[in-house]
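Undergrad: Start from the sequences, fold in the hints, and give me the full structure.
2 protein chains.
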Amino acid sequence: MDKSECTKSSREIYSGKIVKLRIDEVELANGHVTKREVVEHAPAVAVIAVNDEGNIFVVRQFRYAVGKELLEIPAGIMEKGETPEETAKRELREEIGYDARRLEHVASFYSSPGFSDEIIHLFYATELFLSRLDSDEDEIIEGVTLTPDECKRLIEEKEIADAKTLVALMWYLSRPIINR
Amino acid sequence: MDKSECTKSSREIYSGKIVKLRIDEVELANGHVTKREVVEHAPAVAVIAVNDEGNIFVVRQFRYAVGKELLEIPAGIMEKGETPEETAKRELREEIGYDARRLEHVASFYSSPGFSDEIIHLFYATELFLSRLDSDEDEIIEGVTLTPDECKRLIEEKEIADAKTLVALMWYLSRPIINR
Numbered sequence: 186m187d188k189s190e191c192t193k194s195s196r197e198i199y200s201g202k203i204v205k206l207r208i209d210e211v212e213l214a215n216g217h218v219t220k221r222e223v224v225e226h227a228p229a230v231a232v233i234a235v236n237d238e239g240n241i242f243v244v245r246q247f248r249y250a251v252g253k254e255l256l257e258i259p260a261g262i263m264e265k266g267e268t269p270e271e272t273a274k275r276e277l278r279e280e281i282g283y284d285a286r287r288l289e290h291v292a293s294f295y296s297s298p299g300f301s302d303e304i305i306h307l308f309y310a311t312e313l314f315l316s317r318l319d320s321d322e323d324e325i326i327e328g329v330t331l332t333p334d335e336c337k338r339l340i341e342e343k344e345i346a347d348a349k350t351l352v353a354l355m356w357y358l359s360r361p362i363i364n365r
Numbered sequence: 186m187d188k189s190e191c192t193k194s195s196r197e198i199y200s201g202k203i204v205k206l207r208i209d210e211v212e213l214a215n216g217h218v219t220k221r222e223v224v225e226h227a228p229a230v231a232v233i234a235v236n237d238e239g240n241i242f243v244v245r246q247f248r249y250a251v252g253k254e255l256l257e258i259p260a261g262i263m264e265k266g267e268t269p270e271e272t273a274k275r276e277l278r279e280e281i282g283y284d285a286r287r288l289e290h291v292a293s294f295y296s297s298p299g300f301s302d303e304i305i306h307l308f309y310a311t312e313l314f315l316s317r318l319d320s321d322e323d324e325i326i327e328g329v330t331l332t333p334d335e336c337k338r339l340i341e342e343k344e345i346a347d348a349k350t351l352v353a354l355m356w357y358l359s360r361p362i363i364n365r
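Protein chains in written order, with the numbering used here: chain A, 186 to 365; chain B, 186 to 365.
Honestly, I wouldn't trust all of these hints.
Treat identical chains as interchangeable: a pair holds within one or across any two.
[Unchecked claim] With a cut-off of at most 20 Å between alpha-carbon atoms, the simulated EDC-like pairs for lysine to aspartate or glutamate come out as follows:
| no. | residue 1 | residue 2 |
| --- | --- | --- |
| 1 | Lys205 | Glu289 |
| 2 | Lys202 | Glu270 |
| 3 | Lys343 | Glu197 |
| 4 | Lys188 | Glu279 |
| 5 | Lys193 | Glu210 |
| 6 | Lys205 | Glu225 |
| 7 | Lys343 | Glu270 |
| 8 | Lys220 | Glu254 |
| 9 | Lys202 | Asp302 |
None of these hints come from the bench; they were simulated from the model.
Values in this document were obtained by computation on a predicted structure and should not be read as measured data.
TA: Here's what the structure looks like:
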């Protein structure tokens, strides 16, 4: 069944620091014509950073768009010229002050494919060693580690309100089930 | 540690069918002033719909914003006046043609809190029964069911590229671990 959608016209509404917005007129495979609002966003990287004790690093950060503090795994936007692995290592240094000897790609997923092209590349980082903390001046971040039991409790009590962090913690907890 | 950010001014750039875009000037707790681009989006609901055989419904849908077909659990935007439970049931009818006797709230999470306020309320639907398929004319959707083993394989082979669907499948697979 053909489900593709063909662009008839495209109009840029806004081009900013983090997002671009455009409106396209598209023709569906069934001939129906509709509009699609698309928010363009650079690819991002998120990291499941686990120390030698098996505990996961999370950061508590105020998220202006949602008006509250969230507990999230370290993450950030890929800068020009960076590979996803380089972004992963830079974000670890910036947000928790560690570097990683091992990085494993876990998954790549779209955060909200209904209106945005943002993709998040998720990595599993182990064999961590202390690095210099290069903070971003636009971010006020507080890092902590969670034991697997604490992760389980936070999920059960619905305290994790960030999609990529839910993916990350569930992946880490279910490694005995999802074989790797 | 105070991490809040205080709005100094706000400017609406666009108000459309699915998204609104605004740019706010904000003051961080450390006195630094910066801009935040915020994409407003209505709350959404996604459903882990499991039949009496223990298999999960997924839909294959072309996502224009990312330019490809994705395998996703049934989901959609809350309409005015709807409760999340009502949206869950409507989306099940529209996308897979089933209704549910039992609905359990699993989690609520922000899809991309760095730039958007979109929240997704995730439900677990069981005791399904056939309903009328009320399709949305702007969506061409194909529904299938997956066994738990197929879900595991799709995650391992990195075939699931939608954040909420990864959360959903991992939650369903890890129910023996994350006790409920």
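Undergrad: Which hint numbers does the structure go against, in order from smallest to largest?
TA: 1, 2 and 3
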